[in-house]
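Residue numbers (this note's numbering), protein chains in the order written: chain A, 1 to 372; chain B, 1 to 505.
It is worth saying that the hints were derived from the structure and are not from the lab. Do not rely on the hints blindly, as some may be mistaken.
DSS-like cross-link-like pairs, simulated, lysine-lysine; straight-line CA separation at most 25 Å [claimed, not checked]:
| hint | chain 1 | residue 1 | chain 2 | residue 2 |
| --- | --- | --- | --- | --- |
| 1 | A | K143 | B | K391 |
| 2 | B | K400 | A | K232 |
| 3 | A | K173 | A | K106 |
| 4 | B | K139 | A | K145 |
| 5 | A | K232 | B | K277 |
| 6 | A | K298 | B | K365 |
| 7 | B | K391 | A | K298 |
| 8 | B | K400 | A | K298 |
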Amino acid sequence: MTRLRALTRHRLFFPLVCLLLVLLLNVVVTVATTGSPGPFFQISLTNGALNGPLVTILNRSSELVILAVGMTIVVSCSAGTDISVGAVMALSGAVSIWLLGFGELKDNGYHVESYVVPYAVGLLAAVAVGALCGAWNGFLVSKLKIQPMVATLVLYTGGRGIAKVVADGQIDKVDVASYKWLGNFIQDADGHNLMPIPTAIFIAAAVVAVTAVVLRRTALGMNIQAVGINNKASRLVGLRSNRIVLVAYIFCGACAAIAGIIATSRIGGIDANNCGKMLELDAILAVALGGNSLAGGKFSLSGSVIGAVTIQALTTVLYSINVSADQLPLFKAIAVIVIVVLQSPDLKPLLQRAGGVFRRLALSAKRAGGPA
Amino acid sequence: MPDPLIRMRGITKRFPGVIALDGVDFTLQPGEVHALMGENGAGKSTLVKVLTGAEAFEEGKIFLGGSDTPIVNHSPQEAQTRGISTVYQEVNLCPNLSVAENLFVGRQPRRLAFVRWGEIRRRARSIMADIGVGIDVEKPLESYSIAVQQMVAIGRAIDMAAQVLILDEPTSSLNESEVRTLFELVRRLKGQGLGIVFITHFLEQVYEVCDRITVLRNGRLAGEYAIETLPRKDLVAAMLGRAFDDLAEIRVAGAAPTATTVPTVSARGLGVHGGVKPFDLNIYPGEVYGLAGLLGSGRTEVARAVYGADSHDTGTLAVKGKPIACSPRDSLKAGLAFCPESRKDEGCVAELTVRENIVLAEQTKRGAFRLIPRDEQEAIAGKYADLLQIKTASLETPIKQLSGGNQQKVILARWLATQPDFLILDEPTRGIDIGTKTEIQKLCVQLAAAGMSVLFISSEIDEMLRTCGRIGVMRDLAKVGELSGDELSSSAVMAQIAGGRHDEA
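Please model the entire structure based on the sequences and the hints provided.
In structure tokens, the structure reads:
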């Protein structure tokens, strides 16, 4: 009993319950459409690649997981959100493709047929652009003390515009096969998959693992939380809170760039209008679903990761019951309200009070109906 | 005899791991000032929070007036509608709103849907005039000192309380004349038949203004007394549960500075524009140096300038003979430590654990990439928790769940853990019970005996006379004098503080 209570009090309990609920919903929908829960758990190996709903959910949630990691750090230390991450994804993706097809893009009809600069340079450039955007946001927030949402609004609106300019208003395509590896599977020259697991899952796992290890093996985790909880006290103990906030935004920008690389690799090109669109809100939501306060301070990285996977699982179930992309946000909103209400610490006393009223009503009804 | 205003019977309240209140009774009569006394963690604040609905309680009953129906307040707002208002130790108002807005926030007089600003300003002026604080009620609250802010909080509570006013350490940030103004007001309200609950650590004030005393000890009722029947000595004994010689002489004169001794900290013409005027200050190894002065006289500003919490515009600062740049980080690394006046604002990192709060400064000193291993962190935290007798369920309890005095000890532990050469204590004993007060004073003297230098700031001159070898005196943001050796006496310090303004005293 005490063990059960300790379990329900764990801060990851509710995020996990929510994830399980959404997965259960997936199962129910699968049963309703196919008559058995089997297909949802089915994982098949075709052409050297694992397939199945569970793999798809994990694969598709990769970008969101990476964004949520960066967002968690930003929320914790600055008590604000970086709403520019979606646009930064598009911008860093566009810059890397522009660089890969440097000078020849327009002549080739906006197709990159072979890398002009080495592939690695393109990737590094994307991460550098993301970090630069993050540095800009961080500068506005930490040095100029502009509220995070307003500060990142600049790139939220402007970033996508710059991305369009870089992409010359076109959907730039990359025809080199290796470009698609990061968003799909690593293949040999004949198109056979060398790895059965989608590459994006590895990248997301690596980002999570590296971040977790750095936070655990250094005092950065504690320092970030201290700055987010009490900036004045942190300054007095010698923490350079401005620098910590700046670094957090740079990290968040770099995460957005990595997510942008995966997103552009998935479709083998950059669509500046749609790359990472609305993902900033999903990332913020993932942080909140993970049981983290958007007012900053204490955070749980694993919570945010669970939150991100939950959102993707939800998207999957909605698509599988033929909700169109246009209607998706509405249903998502409903599900989110349910989940967030379930997590609210004020819900329990409310329910208890309601339960008390209910019991009294039942009691009085019993008395009235009893042997009088 | 009229019906009592409040009867609390057998109140029990548990926090995880501790019983905060254990069957406590409390009775408040109309027209009395009732002191609620006890050490830190004795349950005073919890009892008040239970009464006002800020905390729920498990057992017991609360009755209002002559009624035999128990009531439960679910929120401070609900308590207010029953005529119970509270002024807390820490000012709980909105600093960016005007004084007038603060007085009426949440209960603005309206005509239809529109707030009647003219009426608010007029009534605000009359409230503040009533309590003898003539200030511009249209200025934002934050433009006034903490003392004035507290008076505003009291003004607000008084304006709302029909029957019961609870003052939770209202005087801990007031200076003497402000305390006098407050007490006149308290007596006037008492004359009008209000019941006033008064929580304080200042024994003199209890005997000055209170009629009855309820003493709590470790969450239990230690007794209720009429003030005439309880001499000061017995009150202290009741609070501590043992005989106690509080005023034992603990002062040890610091090593007399000689011309060849290098001062631990040496300030030359250090000043801040619009803040403290340029001052010289030399503090030598092994001495406790006191800084006396009224609230707002520049005591805190000197400490902040020396530590680098505020950057100085003139002068130089040297630590052990070496000049030092001006930032908390540089100061920390040079072996300075600064325990600030406002623990809630500048000390506690609320959601972090006691352990994390204690190691925070030492960890920063070592650098973020040289994480102190977990077992060493626990050893450090455990050592200072024992040394300072911090009362906490565990080292992994968030600091926000500790009582105020214990939070203060955690912050002190944080700085001791950095093993500083120079320790600044700004009002370390504010809002702390006598037992701990004496402990902290003793600790200062011990640390100094071990070679540390301590800068000790306090509003209580007696406390400083007991601990300090030399005392610098501040007045109107300038250092006006320094006393040492035989010159040290209460009257000499007072004379320096008062300076040329004897006529006003």
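Does A:K298 lie within 25 Å of B:K400 when you go C-alpha to C-alpha? holds (13 Å)
For a C-alpha distance cap of 25 Å, please report whether B:K400 and A:K232 respect it. Between B:K400 and A:K232 the Cα gap is close to 16 Å, so the pair holds against 25 Å.
Given hint B:K391 paired with A:K143 - CA-CA distance at most 25 Å: violated (39 Å)
Just to be careful, I want the Cα atoms of A:K298 and B:K365 compared with a cutoff of 25 Å; is the pair within it? holds (22 Å)
For a C-alpha distance cap of 25 Å, please report whether B:K391 and A:K298 respect it. holds (23 Å)
Starting from A:K232, check that the Cα of B:K277 is at most 25 Å away, please. Cα-Cα ~24 Å, so holds.
Holds or violated: A:K173 with A:K106, Cα cutoff 25 Å? holds (11 Å)
Take a quick look at whether B:K139 and A:K145 sit within 25 Å of each other, Cα to Cα. Judged against 25 Å, a Cα distance of about 24 Å means the pair holds.
Taken one by one, the earlier hints fail for this structure only at number 1.
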